[in-house]
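S.K.: Residue numbers (the numbering used here), protein chains in the order written: chain R, 382 to 538; chain D, 382 to 538; chain W, 382 to 538; chain S, 382 to 538; chain F, 382 to 538; chain P, 382 to 538; chain Z, 382 to 538; chain H, 382 to 538.
What the hints contain is simulated information worked out from the structure, not anything from laboratory work. A quick note: this is a predicted structure, and the numbers were derived from the prediction, not measured. Just so you know, even glycine gets a beta-carbon here, dropped at the ideal spot from N, CA and C. Check each hint, because a few of them may be wrong.
Here are the in silico distance ranges between beta carbons for each label pair [unchecked claim]:
hint	chain 1	residue 1	chain 2	residue 2	range
1	R	D410	S	D410	53 to 63 Å
2	F	A435	H	G441	31 to 41 Å
3	H	A407	F	Q432	27 to 37 Å
Covered stretches of chain F (in silico footprint by chain R; criterion: 3 or more residues with CB under 8 Å from a CB of chain R, positions within the stretch not fixed) [what the hints assert, rightly or not]:
hint	region
4	486 to 492
5	504 to 515
Number of protein chains: 8
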Amino acid sequence: MSTANPRVAVLTGSPNDLPRVEKAVAVLDSLGIASELRVLSAHRTPHETVQYVADAEARGVQVFIACAGMANHLAGVVAAHTLRPVIGVPLGSTNLSGLDSLLSTVQMPPGVPVATVAVDGTRNAGFLAARILGLQDTEITARLAEVREKDKERYTL
Amino acid sequence: MSTANPRVAVLTGSPNDLPRVEKAVAVLDSLGIASELRVLSAHRTPHETVQYVADAEARGVQVFIACAGMANHLAGVVAAHTLRPVIGVPLGSTNLSGLDSLLSTVQMPPGVPVATVAVDGTRNAGFLAARILGLQDTEITARLAEVREKDKERYTL
Amino acid sequence: MSTANPRVAVLTGSPNDLPRVEKAVAVLDSLGIASELRVLSAHRTPHETVQYVADAEARGVQVFIACAGMANHLAGVVAAHTLRPVIGVPLGSTNLSGLDSLLSTVQMPPGVPVATVAVDGTRNAGFLAARILGLQDTEITARLAEVREKDKERYTL
Amino acid sequence: MSTANPRVAVLTGSPNDLPRVEKAVAVLDSLGIASELRVLSAHRTPHETVQYVADAEARGVQVFIACAGMANHLAGVVAAHTLRPVIGVPLGSTNLSGLDSLLSTVQMPPGVPVATVAVDGTRNAGFLAARILGLQDTEITARLAEVREKDKERYTL
Amino acid sequence: MSTANPRVAVLTGSPNDLPRVEKAVAVLDSLGIASELRVLSAHRTPHETVQYVADAEARGVQVFIACAGMANHLAGVVAAHTLRPVIGVPLGSTNLSGLDSLLSTVQMPPGVPVATVAVDGTRNAGFLAARILGLQDTEITARLAEVREKDKERYTL
Amino acid sequence: MSTANPRVAVLTGSPNDLPRVEKAVAVLDSLGIASELRVLSAHRTPHETVQYVADAEARGVQVFIACAGMANHLAGVVAAHTLRPVIGVPLGSTNLSGLDSLLSTVQMPPGVPVATVAVDGTRNAGFLAARILGLQDTEITARLAEVREKDKERYTL
Amino acid sequence: MSTANPRVAVLTGSPNDLPRVEKAVAVLDSLGIASELRVLSAHRTPHETVQYVADAEARGVQVFIACAGMANHLAGVVAAHTLRPVIGVPLGSTNLSGLDSLLSTVQMPPGVPVATVAVDGTRNAGFLAARILGLQDTEITARLAEVREKDKERYTL
Amino acid sequence: MSTANPRVAVLTGSPNDLPRVEKAVAVLDSLGIASELRVLSAHRTPHETVQYVADAEARGVQVFIACAGMANHLAGVVAAHTLRPVIGVPLGSTNLSGLDSLLSTVQMPPGVPVATVAVDGTRNAGFLAARILGLQDTEITARLAEVREKDKERYTL
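Construct the entire structure; sequences and hints are all you get.
M.R.: See below:
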């Protein structure tokens, strides 16, 4: 479902994290939401990151998901360059169990919020993006309701 | 700006937290977003909370902001009863510096995301709600852009 | 010993946690205490959870044991819907070593206590339930005394 | 309501902690549960503590509440000398925000459970004792239900 | 000693932090090192920050000191836009005792190092800059040696 | 070197920890210090523990080493029943990386000190006991000096 | 009781910490143990520290107590230069609640143990030194027994 | 590139850590910076460490990199004996995930700074040394710019 007109951009700071990050894309796909996945680093490709955000906005991206480990600055940098909602996913790639990444994602100063989900919560980033887009698109919300029903079954023993 | 047709519901688990929580309302007011503020507790008034969420949705509330200290279950309970975006604000009311509240807000299981902001980040909860609503209402985004410009001035010395 | 008239309900938030949670049931079985085991999620099956608690109370369940990882809201939700004792077991299923689950289980507000045991302390949840039920049933306490004697032998080298 | 036939013993490791610990007694009093309050230290008066536990049991004490700061060993020592339920309250008296006390109270080995409540959760210790005693005494549960109703009013704005 | 040809740029994310940050300038002044102090925010004035770094480098700034609280992204952003040494000072401005700021400053990915000093270690940031510049300017090292001698006296009782 | 007249008692709370605890005995053996190793639990065999401490003192034990994981109360209990030096070794057997055990060992109240070494620092417990006994026995100190010399060689590359 | 022939050296890394450190001296005084107090810094006066340790040993000092905040290296440095017992006291002088100081004091490598007491546990450092010296001097142990008796009274209400 | 005239000394507290530490040397080699690698322990070979620092300085070493796990005192000891820049690398070798090592490296007192990089950040220690030396040697900075360009390619997908 990754198409020419993505509504969600899924960004990750390192190619190593792609397997985990692709779970966000899979959730979006399953909900019929077009997305695109990019490796962009706040530290190694800062200009490209800023450029990408402006360009993605122009192409109609409405929600950004930024995933990174260690000091996760990616979500904050994206949030500083757009006024659209930015979801941050702290990745638990280090010794410090993801606490470093969690705190560097969530503790943003007033005016530049990052909607933070759990450590390694890539799937929930997809679900949160869907809730946001569902405000304008009742079909998405209907699909979320279906997922919830199925989840209920799985969680009833 | 708290009106008959609120688009954002700001909930808090305890009357003691109202002074901090009112900062979220103030941000929303300043951006021209109608909101309503309620004290509702996941633990003391669980039925009322569930009832309120259903009712608020029916009245057109699009984003929920849930603020609580200690084990913050409020945001999670709200997220379990709506498919609209829920923003969680961990309040740092205890001995444990808000770490208890942060972890109990952000570490949600797949399918039930809470968009978590910083410990005591009530103002950012307002800004995040505005970014979400701005996807449907360019006036809100325009006002966010104005705030950003003013912030730039304040932060340039 | 899981019978038609269980005195303890053992709940867990996810089928993945069943192997650990079954240790609570095994302890109860070994002490002759009838129990029942259910998968119920505070977030995915909130209505079923609330319904279950009311129904279980009516059927004579006296103690609830609620086990969950990440943000463990299950114990708190159960405690909000019953006035019987609720034992919470934080499960250490995540990156954050169970600290998230511990703090979200134990840091309950006044009036809604959760009797929290150690991270992954499912066996102790069974022993704690037995101590509580032993107040009305001296046979249970007698069996606990036997276990204690055997433990003494095992721990004397 | 501290009478000749207490059903709950409230213990604290240091006279300095009495003001906080008295909140547990106040909750028990308000629920019509007779209790007695003692200063007993796992480390300074270990023999007296062990003696007291045996004696209190003989006099009919059914639930023990043990409150202490720093390395809280009091609850564990009491739990090792009785088979009745022991509630541990970590007190946040030190630099380390009560994390030391929380972990030393809750992380008990299998067979010797301590029902741990929040850091400084003395009031909840009283409520938890009441839930346990309410299993045998429906009047206590009725009073808990009244408190819950009043709490609902306080938490509905 | 803040002159037209500063060799060190001292940056801070917020005007509120100026009193603490000025201690870095005071240390540099006392060692005869020209510096300049700017308020620049990675999140509120990202373009200005990037622009400033390029400009400062062109004017001869050799070391950057970046101070910020909460999620300190400032040091990382500066390090991403220069190849000169960047010293990061985590400020302990929040509930979380500066742990958030420490981890978000120090946990940088390979290739983009931030030389991190203690929480609120603004004075040591000045001393570290002096050690770095002393490699090219023996007078600075001579002054550091004097400070060390005086410190010895102060710390000998 | 475990003989009829041990000068050091090495205690551990669980048979599972014996492999790690034996490293303390090995260090003592290598330094020619007679010791004895016992499994004794503060919680499962409290009377035996207290009895053992009194008896060991009478037989000439001069230093106690107490090793335990989770909530390590063993060292504290021993320290409460002797006036001889007690060395505590927190074992990192749980999810919480030994932080639980470290804090419950070291955070003792005034008057009842436990000489705490690193998490899993069983070897250092042996070395610390040797330093203490070396004050009365210069041969032990001479052997420690030999170990130090050998260590220097191993650590010089 | 600070005399010409001190048996305990009490060292602190900074003059600011003297009020807290003097509590160790007061405990030693009250037990009739001669001590001396010095300000010596592992970082500012390293040569003097090493020199002092050698000299103090020659003069008959048997136990060293080293108190410091932040990264407490003082105890480790002293332990590296003597084979006598070294007691480390982490001081909680910073933002990080003494966790920095605790971990940097206790986590010593094999062969160089530091007998660590609680954060700000200066009084217990005195009591631990007394237990160690009491092995050779039964009068000290007798005085410790008196203190313990008095403590029992204070802790029995 | 480890030659007779090293400009960087890479030190590690234990031979066990050599594999990780050699990554710092590899980075320096790749940037054409001569270095030398030594095993030196703040605790086991303190005199040799101090001697080495003085000697290395005399031979022209300009930057020291000190790597150690547990209580990392090595970087601090080196910083106390030189006025040249010292980079500290906390190694995550223990149970405590490197938090012990991070805090004991970074929390240095004013006047004795250690430029701390991430837990296990040996490669970044090399890059930081290169930035410092690049201030005097534009060829090093040119090579850093090349690395950065290559990194950009790797991080653009």
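S.K.: I'd like to know which numbered hints this structure contradicts. Please list them from smallest to largest.
M.R.: Violated hint (a single one): 5; every other hint is consistent with the structure.
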